[in-house]
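Please model the entire structure based on the sequences and the hints provided.
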Amino acid sequence: MSHPYLGLTDDDRSAMLATIGVDSIDELFRDLPRAVRLGRELDLERALTEHELAAHLTELAGRNVDTTRELSFLGAGIYDHYVPAVVDAVLQRGELLTAYTPYQPEMSQGVLQAIFEYQTAICELTGMDVSNASGYDGTTVAADACFIAKHATGKARIVVTEATNPQIRQVVKTYAPGFGLEVVEVPHSDGTTDPDELRAAAEGAAAVIFQQPNMFGCLEPARELAAAASDAEALGIAHVDPLSLGVLEAPGAYGCAIALGEGQAAGNFPSYGGPHYGFLAARQGFIRRMPGRIVGETVDTAGRRGYVLTLQTREQHIRREKATSNITTNQTLLALGGLVYLTWLGPQGLRELGETCLALSAYAKQQLQERAGLELVFSEKTTFKEFAVRVGRNARDVVAAARERGVHPGYALGRDYEGLDDVLLVAVTEKRTPDEIDRLAEVLAEVARS
Amino acid sequence: MKLIYEKSQPGRRASLVPRHANLAAAELPDELRRRTPPRLPEVPEFELVRHFTELSTRNFGVDTGFYPLGSCTMKYNPRINERLVALPGFASLHPLQEEDGVQGALELEWRLQEILAEVTGLHAVSLQPAAGSQGELTGLMLVRAYFEDRGESDQRRKVVIPDTAHGTNPASVTMTGYELTHVKTDARGNIDVDDLRERVDEHTAALMLTNPSTLGLFDENIEQIAEIFHGAGALMYYDGANLNAVCGISRPGDMGFDIVHINLHKTFSQPHGGGGPGGGPVAVRDILEPFLPVPVVTRTAEGYALDFDRPRSIGKVRGYTGPFGVFVRSYAFMRTYGPRLREMSEAAVLNANYVLARLKNAYELPFDRLCMHEFVLSARNLKRDYGVTATDVAKRLMDYGFHPPTIYFPLIVPEALMIEPTESETKETLDAFCDAMLEIAREARESPELLKDAPHHRPVQRLDEVRAAKQPVVKFGFDAHPDLTADRRPVAADAPKGV
Numbered sequence: 000m001s002h003p004y005l006g007l008t009d010d011d012r013s014a015m016l017a018t019i020g021v022d023s024i025d026e027l028f029r030d031l032p033r034a035v036r037l038g039r040e041l042d043l044e045r046a047l048t049e050h051e052l053a054a055h056l057t058e059l060a061g062r063n064v065d066t067t068r069e070l071s072f073l074g075a076g077i078y079d080h081y082v083p084a085v086v087d088a089v090l091q092r093g094e095l096l097t098a099y100t101p102y103q104p105e106m107s108q109g110v111l112q113a114i115f116e117y118q119t120a121i122c123e124l125t126g127m128d129v130s131n132a133s134g135y136d137g138t139t140v141a142a143d144a145c146f147i148a149k150h151a152t153g154k155a156r157i158v159v160t161e162a163t164n165p166q167i168r169q170v171v172k173t174y175a176p177g178f179g180l181e182v183v184e185v186p187h188s189d190g191t192t193d194p195d196e197l198r199a200a201a202e203g204a205a206a207v208i209f210q211q212p213n214m215f216g217c218l219e220p221a222r223e224l225a226a227a228a229s230d231a232e233a234l235g236i237a238h239v240d241p242l243s244l245g246v247l248e249a250p251g252a253y254g255c256a257i258a259l260g261e262g263q264a265a266g267n268f269p270s271y272g273g274p275h276y277g278f279l280a281a282r283q284g285f286i287r288r289m290p291g292r293i294v295g296e297t298v299d300t301a302g303r304r305g306y307v308l309t310l311q312t313r314e315q316h317i318r319r320e321k322a323t324s325n326i327t328t329n330q331t332l333l334a335l336g337g338l339v340y341l342t343w344l345g346p347q348g349l350r351e352l353g354e355t356c357l358a359l360s361a362y363a364k365q366q367l368q369e370r371a372g373l374e375l376v377f378s379e380k381t382t383f384k385e386f387a388v389r390v391g392r393n394a395r396d397v398v399a400a401a402r403e404r405g406v407h408p409g410y411a412l413g414r415d416y417e418g419l420d421d422v423l424l425v426a427v428t429e430k431r432t433p434d435e436i437d438r439l440a441e442v443l444a445e446v447a448r449s
Numbered sequence: 000m001k002l003i004y005e006k007s008q009p010g011r012r013a014s015l016v017p018r019h020a021n022l023a024a025a026e027l028p029d030e031l032r033r034r035t036p037p038r039l040p041e042v043p044e045f046e047l048v049r050h051f052t053e054l055s056t057r058n059f060g061v062d063t064g065f066y067p068l069g070s071c072t073m074k075y076n077p078r079i080n081e082r083l084v085a086l087p088g089f090a091s092l093h094p095l096q097e098e099d100g101v102q103g104a105l106e107l108e109w110r111l112q113e114i115l116a117e118v119t120g121l122h123a124v125s126l127q128p129a130a131g132s133q134g135e136l137t138g139l140m141l142v143r144a145y146f147e148d149r150g151e152s153d154q155r156r157k158v159v160i161p162d163t164a165h166g167t168n169p170a171s172v173t174m175t176g177y178e179l180t181h182v183k184t185d186a187r188g189n190i191d192v193d194d195l196r197e198r199v200d201e202h203t204a205a206l207m208l209t210n211p212s213t214l215g216l217f218d219e220n221i222e223q224i225a226e227i228f229h230g231a232g233a234l235m236y237y238d239g240a241n242l243n244a245v246c247g248i249s250r251p252g253d254m255g256f257d258i259v260h261i262n263l264h265k266t267f268s269q270p271h272g273g274g275g276p277g278g279g280p281v282a283v284r285d286i287l288e289p290f291l292p293v294p295v296v297t298r299t300a301e302g303y304a305l306d307f308d309r310p311r312s313i314g315k316v317r318g319y320t321g322p323f324g325v326f327v328r329s330y331a332f333m334r335t336y337g338p339r340l341r342e343m344s345e346a347a348v349l350n351a352n353y354v355l356a357r358l359k360n361a362y363e364l365p366f367d368r369l370c371m372h373e374f375v376l377s378a379r380n381l382k383r384d385y386g387v388t389a390t391d392v393a394k395r396l397m398d399y400g401f402h403p404p405t406i407y408f409p410l411i412v413p414e415a416l417m418i419e420p421t422e423s424e425t426k427e428t429l430d431a432f433c434d435a436m437l438e439i440a441r442e443a444r445e446s447p448e449l450l451k452d453a454p455h456h457r458p459v460q461r462l463d464e465v466r467a468a469k470q471p472v473v474k475f476g477f478d479a480h481p482d483l484t485a486d487r488r489p490v491a492a493d494a495p496k497g498v
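Listed in order, the protein sequences are those of chains A and B.
Just so you know, we're using numbering that gives the first Met the number 0 here: the first sequence kicks off at 0 and counts up by one.
Just so you know, we're using numbering that gives the first Met the number 0 here: the second sequence kicks off at 0 and counts up by one.
These aren't lab readings, by the way, just hints derived from the structure by calculation.
For glycine and all other residues, C-beta sits at the position ideal for the given N, C-alpha and C.
No false leads were slipped in.
Some, not all, of what chain B presents toward chain A, calculated at C-beta under 7 Å: (1) Arg-12; (2) Arg-38; (3) Glu-41; (4) Asp-253; (5) Gly-272; (6) Gly-273; (7) Val-348; (8) Ala-356; (9) Lys-496.
Put into structure tokens, the structure is as follows:
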């Protein structure tokens with residue numbers, strides 16, 4: 000029986016074998032030594048029809064408790080922001096969805112122009128001069144930036160703040176030995192990083208990585224941290240939430256050399272952690288050290304404007320072992336989702352979304368203190384859309400108890416930080432409503448011991 | 000066509016964002032507040048949809064037509080997979096959700112791991128790497144961790160790579176701090192075993208090999224190669240870029256490889272998305288299992304779980320458990336084949352050999368053997384006789400409605416045309432492509448200018464790549480956007496296009 004994803008009939012196969020000059024399909028594999036052939040059928044479950052497949056995966060999906068089934072305040076790096084229908088509509092265009100890297104620009108002006116527009120949007124958001132076409136996610140772009148910093152400065156140490164998301168720190172530490180880099184962490188002091196402590200640690204370092212807002216949701220003294228890096232002649236690298244940049248200052252404006260971040264919040268579903276896109280932007284001087292694809296504008300032989308992959312002598316397919324990175328396949332489709340999303344928001348929408356997150360999370364702070372009797376952990380610090388509260392007992396138990404009441408109250412910070420076992424990190428996106436926040440306060444009043 | 004920024008007008012918008020007038024506006028210290036708003040586009044929703052729809056019409060995907068881009072495995076991407084990945088239970092699932100709330104996701108990951116272990120003939124799988132090149136990097140980190148554990152990391156500094164390798168292989172070697180040892184290709188397109196013997200010793204950490212190679216040829220000496228490496232105490236790494244040739248026919252584990260990365264976006268049909276996303280899981284032999292990235296998905300009596308407590312792990316190469324949406328699509332794809340994956344690979348190899356047989360008299364064939372799922376021709380004869388290059392052939396193919404093959408790769412074949420038809424084509428399509436290639440070879444002889452000026456029917460003609468690199472314009476300049484129609488320069492020199 001012919002498989003729906005295969006196209007040859009028995010007659011086709013016979014005719015093709017005759018053209019090739021062999022008698023059987025088996026003969027096509029005659030170069031394979033006997034000993035390395037499988038010689039049996041793969042031990043896999045039988046092929047499913049589309050009907051069976053849909054039923055099977057729908058059943059699996061149904062055993063997950065996603066953010067449509069639980070009132071969720073869970074963030075810590077991946078956020079439940081709204082993804083508009085226009086994103087789906089564009090990403091499902093087969094001409095974009097099923098194309099590959101635009102090696103042949105005349106066949107790929109659509110994707111190339113879109114990436115050029117994406118690079119522009121990322122530069123505008125971050126206040127930087129040059130953006131690549133995307134990295135894998137918000138963790139790997141941090142590792143990419145370390146590679147840039149090492150080669151730009153010739154130094155062998157990276158400083159990262161402890162208040163940076165642990166997922167990012169772990170990935171940087173995994174990559175570092177191969178780059179010949181040592182990673183040093185600077186502790187936080189009451190939820191943010193002390194610029195003097197950072198300055199001391201940055202002495203002799205290639206770069207300083209901090210997150211804005213940081214893992215605790217607190218706003219770092221970004222200008223002072225960037226200055227601390229500059230004072231020590233280390234590159235200042237800010238890991239930023241793209242959706243904060245309508246209200247929060249851009250890294251380019253407070254003196255960072257490189258800005259990067261996790262793009263998920265801007266236009267991608269949480270999707271259990273991926274695929275998303277990491278964005279990476281830098282000042283002009285780093286353009287030839289950037290990893291990955293970059294699209295540039297040019298003209299065709301008739302003088303018409305067009306777009307091509309450019310500065311390719313940085314890349315592995317040409318420079319091989321001397322390349323700035325090994326990245327090939329990136330996250331173009333998700334970055335395109337990001338461009339569509341940012342276009343949908345526009346500058347006004349982005350600012351309003353930021354204001355709404357600020358207002359809702361301020362309301363949540365107030366409700367959790369007043370109605371649930373909880374205490375803010377870093378009460379002196381300004382936050383954006385996420386904040387830490389003490390729940391009076393192990394936060395993981397509070398999460399479990401709240402979930403029994405249909406509310407996921409946030410992330411138990413004790414999963415990553417010693418001494419914060421009783422702390423819950425609560426994320427409030429624009430999708431939440433004051434009523435939903437009231438419900439969170441009500442549930443935490445029941446399950447948290449304060 | 001205008002850029003979205005050139006369609007923008009202040010005051011227009013495509014979205015309304017929830018606002019809560021009854022809530023107090025939050026306070027934000029002045030020094031943290033943004034001063035200059037980002038110049039994002041300002042368009043109504045219908046302009047947004049029209050703009051991106053128009054962009055899509057200036058692009059070519061597998062859904063548009065035949066896309067034989069060698070080594071990229073541009074196969075059909077089933078539509079059901081797009082519907083499934085969008086199920087709220089997958090799309091809206093948070094990666095830090097508690098384990099009891101992600102049992103369906105973990106079961107899918109666990110099942111995918113099991114299938115990949117069976118297809119590769121290896122024991123344990125990490126799904127975490129985000130793409131093939133990150134799978135390579137992860138593989139080399141596993142090699143390093145393995146030798147560190149054995150106290151041999153200072154001694155073993157070299158990684159052996161054949162001259163046919165993808166550029167990602169040497170780049171990954173650099174990124175993990177290893178040194179490169181190159182090995183030559185012999186007259187049949189296999190690794191030169193005599194050359195290899197001289198280069199492998201107690202300082203060798205690993206081999207990185209694509210098999211079938213980027214020439215589309217299965218290395219006939221693979222058993223000997225495995226003996227040489229294992230005999231020297233080194234490991235064997237399999238670049239799974241070409242796994243589409245051998246599913247259900249031959250397994251890397253059975254060939255002697257210890258580590259394999261699988262390109263889910265190639266062999267297992269994650270749509271390539273204009274450049275990504277991909278997925279690059281690694282499968283390993285049991286001796287390497289302790290070093291896999293955290294977390295590892297496990298099955299216990301109570302259900303599925305994430306194991307973070309792995310003291311010998313290399314760490315994390317990406318956030319969370321990996322690109323989950325890619326797993327959904329690839330898992331769905333593999334379940335629609337099951338054991339019939341063998342038919343998929345057989346069709347891919349049959350299609351490639353058929354196209355090869357029809358074209359090999361019109362173009363040069365550097366290695367005259369049966370091929371696997373792809374093959375490499377050379378336009379050297381056309382260049383010598385008519386001054387027509389691989390680029391010219393590629394551009395002319397566009398006029399016939401086909402995406403060009405990969406060109407100028409692998410580097411050891413001059414004027415290379417690397418053709419991979421994949422399994423998901425009809426004989427009629429293959430014939431139409433062969434007819435076009437033969438017609439182009441005739442045109443090269445009779446009217447070479449037709450090729451040199453091609454393409455004639457695309458939204459743009461050949462683009463000036465030299466200029467793009469010399470005077471980089473990598474974002475819209477708003478008020479001061481350059482007038483690029485001012486001066487003209489000749490088109491760029493040749494570089495690999497594909498892979």
